[in-house]
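Visitor: Could you put together the complete structure from these sequences and hints?
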Amino acid sequence: MTKFKFALGALIGVSMSVSAQARDQIEVVGSSTVFPFSTTVAEQFGRSSGFKTPVVESTGSGGGMKLFCAGIGLEHPDITNASRRIKEKEFKNCQTNGIDMTEIVIGFDGIVVANSKNAADLKLTLEHIYLATAKKVPDPNKPCQANWCEPIDNPYVKWSDIDASLPNVKIEILGPPPTSGTRDAFQELAMSGGSKAYPHMNALKKSDKSLWKKLTRTVREDGAWIDAGENDNLMVSKLAANPDAVGVFGYSFLDQNADKIKGSVVNGVEPTFENIAGGDYKISRSLYFYVKHAHVGTVPGIAEFISAFTSERAYGEEGYLVDKGLIPLPKKLRDQYRQDAKTLKKLAM
Amino acid sequence: MTDRGPQKNDPIRAARQAQRLKKRYRKERRFRAFGMSAVLLATGILAFLMTSIVYTSIPAFTHHNLTLDVTIIAEEVDILRDDQGLVTNVDANWLGFVRTALRDSFPEVTSRRDKRDLYKLLSIGAPDAVRDAVQADPNLIGQTIQVRLPLSDDIDLVMKGLIDRNLPETDRLVSDRELAWLDKFIAEQRVSENFAIQLFANGDSREPEMAGLKGALMGSLLTMLVTLLISFPLGVLAAVYLQEMAPKNRLTQIIEVNINNLAAVPSIVFGLLGLAVFISFFQLPRSAPLVGGMVLALMTLPTIIIATRASLASVPPSIRQAAMGVGASRLQVIMHHVLPLAMPGILTGTIIGLAQAAGETAPLLMIGMMAFIVDTPTDVTSKATVLPAQIYMWANNPERAFVARTSAGIVVLLSFLLLVNGLAIYFRKRFEKRW
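Keeping their order, the protein sequence lines are chains A and B.
For what it's worth, numbering that gives the first Met the number 0 labels the leading residue of the first sequence as 0, then goes sequentially.
For what it's worth, numbering that gives the first Met the number 0 labels the leading residue of the second sequence as 0, then goes sequentially.
It should be emphasised that the hints constitute simulated quantities derived from the structure, not laboratory data.
There could be a bad hint or two in this list.
What the hints assert, rightly or not - Distance condition first, Cα-Cα at most 30 Å in a straight line; then the derived DSS-like pairs of lysine-lysine: (1) Lys159/B / Lys237/A; (2) Lys157/A / Lys116/A; (3) Lys323/A / Lys26/B; (4) Lys183/B / Lys323/A; (5) Lys159/B / Lys330/A; (6) Lys51/A / Lys65/A.
Note that the structure is predicted; figures quoted are calculated from it, not measured.
Guide: In C-alpha cells form, the structure reads like this:
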C-alpha cells in the first residue's frame, strides 16, 4: 500500500499547480439553518448580477467558523453563515489569523413546538416545556427552600402531570439531535428560559453557572424525548401519523405544512409570522453571516453580494427571503445592517 | 441404509426406513420453504421500496405550464449582433414583459400587494422561457407571442392534486384568490402539463420547479472518471504484484492484512484523510471533483485489489506452467495469459467498487462537495456536487415540491448505476468471448 501512496503523492504533486489559479466565485460556508436563505440569495445574485453564482456549503455554524477563521487567502471561504453569534473563542482565533470581519444579522428564525392537526391544542408556557424536557427538574412534592430545590429525575409522564390544563396524553417529543443548531437554541431559549420561573434556579445561575447550565440544558433520556434526526420533513410526516407526538423544529416547516400540523401556543403567543417578527414569541433566535474584509475586492462580487443580501428586495418585509420562511428584522435594524454591509463595519468584541 | 439385502423384507425395519425417509424429505421441504420465504421477503421489501420511491417521484417528471400572450416591445430589447449581422444575444427586462402579460389578464388587480400575489402564480424561471423563445427566433421582437411559462411550485402542486383545494384557506399554501385566478386560466385552457425538462437541463435551484440534476450528474461523472483513472491502474498493479511477484514474507503479509482491513474502514474516515492531506496539505481546491475522485479512489482501492487478487488466484496454474514451458518470461505469462483470463473478474470488482463510490456521500461531506452549486462543472477542478449529495440536500429543503424531486433524484441515481453496470457487463461479456 505504501508504494501506491507514493504514486498517489506524485499524482497530487502534478495536480498541485491547478490550485494556484485565481478564484472568481464567492465561497460561503456555515449553518444549515441559514443555508436555505443564503442559497436563495446566491441564486438570485447569480441570475441578475453578471457575477458567477456563489457556492454555498452547509457545514454547520461551528464547522463554518472553523473554516472561515483558518486564514486569509483564496483557499479559505469568504463568508460564513451562523445560526448563533460568533463565540468569543472563535473570534479570538480569527483575530490571531489576522481576519477582520463584518457581522450582519439577516433576520429571525422561530422554533416551534408543533403537533398534528388532529390532536388537541397545546397551550404551553416555557415552564411547561422546561418541565417536560429537562432530565432533572425541581421536586414537585417537596416545598422549595428559598435558594434550593432538590433536583430529581424527571417524574412527568403525561402532559397533565405537569399542569391540569394540559391534555391527558403521554409526553412524546420528537426533537433535533445534539449536532443541530436548532437544538442548541431550543435548550437555551425554551429550557433555560423556562427555568426562570424558579427563583432558586436564577440564584444558581449567578452562583454556579456550569451546574445551572447542566441542570437546565440537559435533555431527558428516559424516552420521552426522541432525537428525530436532522430531516425536518420526516418529522412532519411522523407527527401527522401520530397525534400524541409533539415535534420541535424551525418555523419554515410549520409554514409549509399548515395542513398537517399546528404550532402550540407558548406563553399565550401563537407562533405566527407577525408574532415572531414582533418579538412576542419567545423561542426565536437571530441568524447571522460574517464577511471577511481581506477578501472584499480580491474575490469579485463580495460587496455586491452582501448588498444584495441586505437589500429590501431580499431581506425586507416583502422580500423574497420571506417567501422562504425568513422572519425579517424591524425596519430600523435592517437599515442599520444595510449600512454596516456598505461600510464594512469592523466587528469588535 | 447401508445394510440392505438380507433384511430387506423385515417389515419393522422397512417401516422405520420409510419413516426416516419421510422425515428427510420433510426436512428438505422445510428448508426449501424457509429459503423461498427468505427470497420472497427480500424481493418483497425491495419491490415495496422501489414502488414507493417511483410512485412518489412521478409528479416530479412533469410540470404545469401557463400559456400567456406576451408582448415583446421592440424598443425595449437590446440586440447584440456579430460581424455578419447575426443575432448573438438579446437582452431586455423579460420579467417586466411577463408581469405586464399577467396584469393584462386581470385588469381588476391594481393594488401593489395584490399584484405581488398575482406574480407569484408563475415561477421565477418564467422570464427565462420568454428570453429563450426570443433568442431562438429574433423575428418575434415587436410581436405578441404565445409562450409557455412554468407555474410556481405551489400552483403546480394544486394542479397535481398534492395540495387539497377543499381545505380551509388558512391550512393551504395557496389562497382562495390565487385559486380563482388559476381557475380562470384553466377555463381558458391555458394550463398544460408537460414533461419537466428542467429536471435534466438545469443545475440546482432553491425553487423546486427550476431545480435540476444536470450539475450533479456532471459532477458524478467527473468524480467517477477521476476515481476510475486512479484506482483501476493502481489497484490492478498492486494486486498483480502482490499475487504474482511479491515474495511471501512478513512484510507482504502485513500489507495483505492491512488491505483487507482498509476495505472495512468507515467511508467518513477517507473524507477526513482527504481534508487533511489533499486540501489542507496539498492545497487542492475544495468542492472539486478532482479531490472527491481521489478520496473515493482511496476508498475503492482495497475493493479492487481484493477482487483482482481473487480472480488472479482462480486462474489455473496449468496456464502459467504451459506458458513458462514454451519459454515465456514471468511478465509475458502475466500480461499475455493470466491477466486477460482474470479480466472479467477484475472488471466485476471494479464495477462493484465504483458503484459503491458513486452512491457515497459521507467522505464528500468533509471536502465540501455537499454544497449549493448552480453552475454545471466543466472540468475536474470546478466546483461540483454529486448525485447522492444533491438528493440529500433536496430531502432537507422545506418546500413541498422537493419531496417528489428527491425521489426523482433517487430514480435517476439508480438508473445511472444500472446503466453503468449494464454497460460494464456488456463490455465484460465481449471481453470474455475474445478469449
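Visitor: With the threshold set at 30 Å, check whether the alpha-carbon distance from Lys183/B to Lys323/A stays at or below it.
Guide: holds, 27 Å
Visitor: Compare the distance between the alpha carbons of Lys157/A and Lys116/A with 30 Å, and conclude whether the hinted pair is satisfied.
Guide: OK: Lys157/A and Lys116/A at ~20 Å, within 30 Å.
Visitor: Checking one constraint from the list: CA of Lys323/A to CA of Lys26/B, max 30 Å. Satisfied?
Guide: violated, 63 Å
Visitor: What's the verdict on Lys51/A and Lys65/A, does the C-alpha distance respect the 30 Å limit or exceed it?
Guide: With Cα atoms ~25 Å apart, Lys51/A and Lys65/A stay inside 30 Å; holds.
Visitor: Can you confirm whether the C-alpha distance between Lys159/B and Lys330/A stays at or below 30 Å?
Guide: violated, 39 Å
Visitor: Take a quick look at whether Lys159/B and Lys237/A sit within 30 Å of each other, Cα to Cα.
Guide: The given pair, whose Cα atoms are some 23 Å apart, holds under the 30 Å limit.
Hint compliance for this structure: hints 3 and 5 are not met, and every other hint is.
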